[in-house]
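Please take these sequences and the hints and turn them into a complete structure.
2 protein chains.
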Amino acid sequence: MLQKFQNHLNKNLPFLKGKKLLLAVSGGIDSMVLVELLHHLKFDISVAHCNFNLRGDESDGDTEFVKSTCEKYSIKFYVKHFETKEYANLHKLSIQVAARQLRYDWFNELLEKKGFDYLLTAHHLDDSVETFLINFTRGTGLEGLTGIPQQNEKIVRPLLIFTREDIEEYSKENNIEWREDSSNASDKYLRNKLRHKVIPILKELNPGFSDSFLQTLENLQQSESMVDDASRIVYHEVVQDSDNEKRINLSELMMLPNYQAYLYQWLKPFRFTAWKDIYDLVSAQSGRQVFSEEYRLLKDRDTLILAKKNELKLEVYPVYEDVENLNVPLKISVCNKSDFRLDDKRCIFADKDTLKFPLEFRKWEEGDYFYPFGMTGKKKLSKYFKDEKFSLIDKENTWLLCSDNEVVWVVGKRADRRFSVNETTRNIIKIELK
Amino acid sequence: MLQKFQNHLNKNLPFLKGKKLLLAVSGGIDSMVLVELLHHLKFDISVAHCNFNLRGDESDGDTEFVKSTCEKYSIKFYVKHFETKEYANLHKLSIQVAARQLRYDWFNELLEKKGFDYLLTAHHLDDSVETFLINFTRGTGLEGLTGIPQQNEKIVRPLLIFTREDIEEYSKENNIEWREDSSNASDKYLRNKLRHKVIPILKELNPGFSDSFLQTLENLQQSESMVDDASRIVYHEVVQDSDNEKRINLSELMMLPNYQAYLYQWLKPFRFTAWKDIYDLVSAQSGRQVFSEEYRLLKDRDTLILAKKNELKLEVYPVYEDVENLNVPLKISVCNKSDFRLDDKRCIFADKDTLKFPLEFRKWEEGDYFYPFGMTGKKKLSKYFKDEKFSLIDKENTWLLCSDNEVVWVVGKRADRRFSVNETTRNIIKIELK
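Protein chains in written order, with UniProt numbering: chain A, 1 to 434; chain B, 1 to 434.
Treat the hints as calculated values from the structure; they're not laboratory data.
Incorrect hints may have been included.
What the hints assert, rightly or not - Below, simulated DSBU-like cross-link-like pairs (lysine-lysine); rule was C-alpha separation at most 35 Å, straight line:
no. : chain 1 : residue 1 : chain 2 : residue 2
1   : B       : 276       : A       : 11
2   : A       : 276       : B       : 4
3   : B       : 345       : B       : 386
4   : A       : 193       : B       : 197
5   : B       : 188       : B       : 154
6   : A       : 193       : B       : 4
7   : A       : 172       : B       : 197
8   : A       : 188       : B       : 188
9   : B       : 203       : A       : 197
Said to hold, decoys possible - Counterexamples of contact, computed for chain A against chain B with all Cβ distances above 12 Å:
no. : residue
10  : 43
11  : 60
12  : 86
13  : 154
14  : 193
15  : 289
16  : 331
17  : 357
Owing to the predicted nature of the structure, the values given are computational and were not obtained by experimental measurement.
The beta carbon of each residue, even a glycine, is placed where N, CA and C say it ideally should be.
Written out as C-alpha cells, the structure reads:
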C-alpha cells in the first residue's frame, strides 16, 4: 500500500509536496493509517483532534491515544474539546450536524491562523461506495452518485482510492495501533447495514468491484462535467442575466425537449425544492410564482423571472424639504427656471407652493391614480402599468412620491401635471433620484 | 393496480390506444398479468410465445398454458419452436444471446408481416432496479444507470413503473394463473443474489424505495439528455465531418478540461474499447493509431482522423484500352487535340503510343517515383506527399496508374510528363475518373 500511496501522491496530488498539512485524526484505523503513511513519507504534517465529549472516558481515551502517538513521532498536536450536546440544543441541530459544524469551524480556524495549506481527511473508497448507496437508496440524481470528491478547495482526501481492506491490511502488517471508532453518525444504522449486508455481496459478485467502482465514478464525473457544459452553453442562449434578476426566455427554452433538466440545473443553486410546481409554471398564467427560501420564480408572459423575494411591506417614508431624508433615494433642491428640463426621467421639477411637506414616499397600491404630465384627464396606476407593459416585478418595484396622498411622481417614470411648473410658479424645486 | 395502470396508459402511453399490439408472453407472472390487464381494458392484443425447447416437457407445458389462456380470452396466439442449442452452437453464441436473437428476429418478422404497431413486453420496475445494480456491480457509466427504457422504437414496456409486489398482489387478487419461470439467463446467479439479498435491504432501509428509484431514474435520464446536448454542441464546433472521415481538431478539443468525456461520447458508437490508448493518442506522435473492429482513429499532426479501416492489400488492377474496366474508377477515350485541357485534376491526356496496355491501377508503394508534369527531374512519391502535406489517410487513399510499372498518373493529383502530349503526338487518349 505504501508504494501505491506514494505513486498516487506523485501522480494525482503532486501539489501536496512540501506543503504544510493538517490531518484530521479521530484515532480510528483510517486516520491512524493516514498519519503513519504521511509520517513515513516525511511530509510536513500536524494533527488536529476533536474531543466532542459525547462518550465520556472513551472520548478522553481517544484524545490521550492520538496525543501520545503524535508525541512518539514528534508531530505537532492540536486538540479541542467541544460541548457538542449543548451546542446542538442551542442551535436546534442534530448531534451529527452540530459535530460537523464545530469540527469544520475549528479546522478552518486552524488552517487560517496557523498557516496550513491543506486539511487532509482519511475518507476511503468504501466510504464513497457507502455514500453512493445511501444516496441511491434514498433517491438522488447524478450529483449524488459521483462519490466523495478527492478535493474541494483546501480539503484533500488522499486515501479515496484505497479500500477498507487495503487499510486494514496495512495496519496489520505495520502494527499500527488504533481505537475502535464508535461514531455517532445519525446515518450509522443505514451505513452499517450497507457496509455489512450489501457491499460484501457486491464484492462477492464481482471480485474486481472496487476497481470497477472507481472507473464508474470517473465515468459519472465525466458525464457530470458535460451536464455542466450543456447547462452553461444553453444558459447563455436562453437567459438574460442582470444584477437583480434573471429572465428565462420561455419560447426559446421550450424548444428544448428536455427543458426541465435545464430548469433544474439552473434553479438548484437557489435552493428551490418544488420542482413539479416549477415545471408547471412554464405553462401557467402570468403572475403565478414559486418560492424558495430566499428567491422566487415568477411567470410573466413569455418569461420566467428569477429574483430575490421582495418583502412587500406597504411602508410610507416621510420626505422633508430641508433635512437629510433617510432610507429614501431622493434629493430635493431649490432651483430656478434656467435649470428646468423635461427630458430626464430621473428627476422632476415641481411647483413648491403646491406641495405639502413632508411628502410621502411609498409603494403603489391598488386604486392609486394620477394625472400624467402631458395628458388630459386622470389615469389609474394599474392602467398605466398595463399600457406600459410593466411586469409584475416592475410593478412591485415602483415607488410613488405623494403630497397629501396625491401622486406627485411615479418615481423614475412619469410626473403628475397637477404639481408641475407653469407660468405662475414662483418657487421651483428639483426632486431627483440619488 | 388496474386503475393506476389505466391512468399510466392514458397519461404516458396514449399512443397505444386503438393500435394493434403484440404481447411477448412467456407464461410467467409478469406477462400473464400484462395479458390480463390489457385484455380487461379491451386493447387490441395478440400474443407471441417462444418455445426455446430448452426445458423439454416444461417448455411444452408453458406453451400449452399460454395457448389455452389465449383461447379462453379469444386472443390470437402465435407460437414458434426454436432449436436454440443448435443455433447457439452454430453461431458460437451463449444460449442467452441465441435465445434473444431468435426471439427478436421472430417478433420483428411478426410485427412486419402481420402489421402490428407495437411489441409489448412485461418488464417491471424491479427488473430495472436489478439491471441498475448489475451494471453498477460490474462497473458502468451514466448510460448503464438509466434503467430499462420505457420505449425503444416499436418495443413498449408498459409495466415499468410497477414493482414485483404490485404484480404479485394483482395476480393474487384476480386469481391470475401463471407458470413458474425457470429462466436460463446467464446472469441468473447475479440477478437472484441481487433480487433476494440486496434489494430487500434497500427496501427495508427506505420503505419508499421504489418511488425514490423511479425519481432517480428520471433525474439520471434528464442528465443523460444534457450530456447528449453537450456532446452534439461541442461536436459541431470541433469536428469536421465528411462522408468518409471525421476530423477532430485537437487544439480546439484540448481547450476543454474534460476533453476525454467528449472523445468517449463521440467514439463509443464506433465500438472502440481501448480508451486509455485513445486518451494517450491526443499527445502521441503523428501516425499512431487505435483500432476498433471496423474503425481506426489516426493521430495526424493537430488532428484525430476517424475512418473505416482500409484493407491495405496491394492489389494491381489491369486497365484495358477497349473493354469495360471492372473495379477501376477510370474511363478511357480516344480524343483529338481540340479536347485537350490541363486544368482538370480529374483527367489527364496522354500520348497513346507511349503507353503499354493493359495499364496497371494500384496503390502506391514505398520507393515509387515519377516525373511530375511541369517540373524537371524525377521525384519520389513519398517526397511529393510530404511537400503536398498529405495525411496518412490521404496517402493510403492514393492510387497510381502505371504503364510497364512506370507512373503515368498519380490519380486525381498529378500527371507524369513522360507520357504527356507534345508536338509529335499522333494519338491522344483521355483518361478520366468516373
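Hints, one by one, checked against the model:
1. Of the supplied pair hints, the one linking residue 276 of chain B and residue 11 of chain A holds, its CA atoms being roughly 16 Å apart against a limit of 35 Å.
2. Under the criterion of a C-alpha separation no larger than 35 Å, the hint pairing residue 276 of chain A with residue 4 of chain B is consistent with the structure, at around 20 Å.
3. The straight-line distance between the Cα atoms of residue 345 of chain B and residue 386 of chain B is roughly 19 Å, inside the 35 Å bound, and the hint therefore holds.
4. Of the supplied pair hints, the one linking residue 193 of chain A and residue 197 of chain B holds, its CA atoms being roughly 12 Å apart against a limit of 35 Å.
5. Straight-line distance between C-alpha atoms of residue 188 of chain B and residue 154 of chain B comes to about 27 Å, which keeps the hinted pair within the 35 Å bound.
6. Note on residue 193 of chain A and residue 4 of chain B: the hinted pairing holds, with a Cα-Cα distance of about 33 Å set against a maximum of 35 Å.
7. The straight-line distance between the Cα atoms of residue 172 of chain A and residue 197 of chain B is roughly 31 Å, inside the 35 Å bound, and the hint therefore holds.
8. With a C-alpha separation of about 32 Å, the suggested pairing of residue 188 of chain A with residue 188 of chain B holds against the 35 Å cut-off.
9. Distance restraint check for residue 203 of chain B and residue 197 of chain A: the Cα-Cα separation of roughly 13 Å lies within the 35 Å cut-off, and the hinted pair is therefore satisfied.
10. Residue-level check passed: residue 43 of chain A sits 28 Å from the nearest beta carbon of chain B, beyond 12 Å.
11. The claim that residue 60 of chain A lies off the interface holds: its Cβ sits roughly 34 Å from the closest Cβ of chain B, which is beyond the 12 Å cut-off.
12. The Cβ of residue 86 of chain A sits about 31 Å from the closest Cβ of chain B, beyond the 12 Å cut-off, so the non-interface label holds.
13. Non-interface status of residue 154 of chain A relative to chain B is upheld: no Cβ of that chain comes within 12 Å, the nearest being about 20 Å off.
14. At the 12 Å boundary, the C-beta of residue 193 of chain A falls inside the reach of chain B, the nearest C-beta of that chain being 6 Å off.
15. Non-interface call for residue 289 of chain A relative to chain B: holds, since the shortest CB-CB distance, roughly 24 Å, exceeds 12 Å.
16. Distance to chain B confirms residue 331 of chain A as a non-interface residue, since its nearest Cβ pair spans about 50 Å, more than 12 Å.
17. At roughly 59 Å from the closest C-beta of chain B, the C-beta of residue 357 of chain A stays outside 12 Å, upholding its exclusion from the interface.
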